[in-house]
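*Asks:* The residues making up each chain are set out below.
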Amino acid sequence: MKFISDLLMTALYTVFIQNLVLSSGLGMSEAIRVSTRPGTFGKFAVMISGFSVITSAVCSLIDNVPAVENATYAVRAAIYGGVLAAVYLVQAVFMRFVLKADSKLLGTLGIAALNTLVLAIPYINNSAAYSFAGSIGSGIGAGIAFVLAAALISQGSRILAENDEIPEIFKGTPAMFLYVAMLSLAFAGFTDTNLFA
Amino acid sequence: MSERTPSFKDVFIKGAVIYNPVLIQLVGLCPVVAASTTLKGAVMLSAAMCAELIVTCVIASALLKKIPRWIRVALYLLIGLALICPALWYIETQTLVNLSLGMKIYLPLIAINSVTAVHCEQVAVKNNVKLAFYDAAAVSIGASAVFILVGILRELLGSSSLGGIHLDLPIAFKGMLLPFGCLVILGFLAAGLKAFLAWAYPETENESDPVERQRKTPSAEENVTEVELFDEFWNVSEEPEEVSMDVSIPEPEPEKEKKPEDIRLETAADIDEFFKSLGIDLNEKGDKR
Amino acid sequence: MANIAAKQSPVKASRLFGDYLIMLIAPCVLSLWYYGGRALWVILLSVVSAVLTDGIVSAVLGKPFKIKDLSNIFIGAAIAVMMPAGVPFYVPVSAAVFAVAAVKVPFGGATRAPFVPAAAGFAFASVCFKEQVFDFAYSAEGKLLGEVSLASLLSQGNSVHLKTSTVFDIITGNVAGPMGTGCGILMLVCCTYLFVRRRKALLATAGFIGACALFALFAPRANASALTSLVLELSSGSLLFAAVFLVTDHATLPKNNINRVIYGAVCGFFCMFMRSVGTYEETVCFAVLLANGLRPVLDSAVRGFNAVTAKRKGAKA
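Chains as they are written, first to last, in this note's numbering: chain F, 1 to 197; chain E, 1001 to 1289; chain S, 2001 to 2317.
Don't read these hints as lab results, they were simulated from the structure. These numbers come from a predicted model, not from an experiment. Glycine is no exception: its CB is placed at the ideal position from the N, C-alpha and C atoms. Treat each hint with caution, since some may be false.
Covered by chain E, per the in silico footprint, the following chain F stretches (three or more residues, Cβ under 8 Å) [as the list claims (entries may be wrong)]: (1) 2-8; (2) 17-29.
Among chain S residues calculated to face chain E with C-beta under 8 Å, some are [to be verified]: (3) Tyr2090; (4) Ala2102; (5) Phe2124; (6) Val2127; (7) Cys2128.
Full structure from sequences and hints, please.
*Replies:* Written out as structure tokens, the structure is:
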């Protein structure tokens, strides 16, 4: 029961209170780019959550190894990055050669796995001292947070596209930046501190 | 290989100004939004990104052309880590520099930033080493300029200091240290760059802006398949090809005739249009005041 | 997409914001009643900053400056009345400048902006000047709880028991807090005016207050009865003010009735959720911004639901 409640609370925290994309800026480029394809959101949610969960679970186990507990951040970065690359490659090889996935699916897999959001999850788990259940919760929350941000940005870009009153120099990326800024400001109502501050 | 390599000036103007990675192409936002809160932090992130981007692009152009894309993208991460981790280890253990927790975490995250992936796949693996180097250098300068400018503005406005020296300004806008503050600054910088491009390079107006291009050609975008879109994102085909220097995303294809089975109900507008074609109006009545 | 934009009826900004300004007379008079000349200065400076910013930005962009649309005056005054009377002048000035320069103008004016400029301005002030925006010490003698605002009292989770006399102080706004938004009775009067002018806009207000009330009843923050929690939550901060002035903003209000109620309810839920788990004692402006961001998603979801329902009906027929 405690496992489930830890998992849910951490996921909720990751989605709303410290929304990893809009409150922390992790994976923001990918969220903006992916937002142009609403049809792929479900796929991304599952893939990002999957990669985050596996990476953070493996890293969480490695963090408990006595030799790693007091490691420098450089060593930690090498471990976390290596684990993510290994998880991605194993998954990609499996999908390429066993499931015969096409280049389209492998491309999506690459974007979902190799971004700052997924690689930051083990650091978040470590700095917040999450339990194993919490680590899995933050992994699931990362996928949901990403899709929530992408959905908000996607709908925002649609209404910006319909708005013909926007001054010429703000049309396009400037208006998009300000739109995402307002979303980020809205999420700042949950917390007034930066991640890793 | 292309016979003639463009001059660094040409590549610089395109890579750093017209297609500025942060302000126009919207890549590499994580380090600038999350970590560029001070001038010192911005300079460190810029240095790490320049080194990582140039080395990765050169290696990608020289050695990785024959490797499938799905393996290459993981190799970029490993190359980046191989560069950044020893440098971070040296700073942590062999010097007296006291890095903040944020910097210890965001510096390694540079290894996985989207600028590297996009430019390695967009330019490096399709061109010779010299051009890959030129492009990486130009893009690094363009991104670093934004990082440092944002770092200066956020430190000045948010902390009333510059380079760690307290300036005793009357007002400090603490919100500027949050991601939202950075995004507001980026919005105004992007608007400034757009005004500059309209004045200096009027022929490129809106051509480089992915958001604006999508706004102007929605019908063409809707016909692009998912494969093409993700290829556009990484801008590659499965097989490396020899192309001349062109960092622009290809022009959208002319609109093809839609077959009924091609209609995808993705947006509300699509749903409305689809039902309208069947003679059903789903729109609710407007605000009756 | 373009046909949706074309369907949006043109709105006369002067009429829209003229109504809001008439309604704003009540909170402004309340501010002057409780805080005198200081309140007048805060309101004046905020309004002048908003108008000047629009003038300057319009000149830079080469756009005509329309003072007659009254939106700048509304933005400045609305931000001011949500501030404490003792706030340093640069706080409402910065908030008004931000609301106009970063929200109203870049998004094409107050009748097209996808976020409520006044809410964005106050949220900006909250994150930049948290201590000043929530410092209610100015002229607090004779107030119900002295310098302590109701929102602050609730956030501490103490035991609270209300008497009839204290309820009167609460609903008349005689409590430390934002200078013009505390009087529930005046907000009711504003609501009545809005009912006459734009009754359908009040559906969002109803959804908002309903969601806040339910949250207050079932998840009270203070150790108090459900009814006490309800009275305190609704009367604290700028909740009722936002319900009447910000949630009903024409540009961000959904176009059909059900969506309006849902939009208001979502806004109310997030307002109370942020109050419970967030770091600010006043969160209504953040909640309004979040609801503004969610509004197109809600619209899309409801349209999709309607489309599926219509399709099923069509299939049956």
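*Asks:* Taking the hints in turn, state whether each one holds.
*Replies:* Taking the hints in turn, this is what the structure says about them:
no.	hint	in the structure
1	2-8	violated (count 0)
2	17-29	holds (count 8)
3	Tyr2090	5 Å, holds
4	Ala2102	6 Å, holds
5	Phe2124	6 Å, holds
6	Val2127	4 Å, holds
7	Cys2128	4 Å, holds
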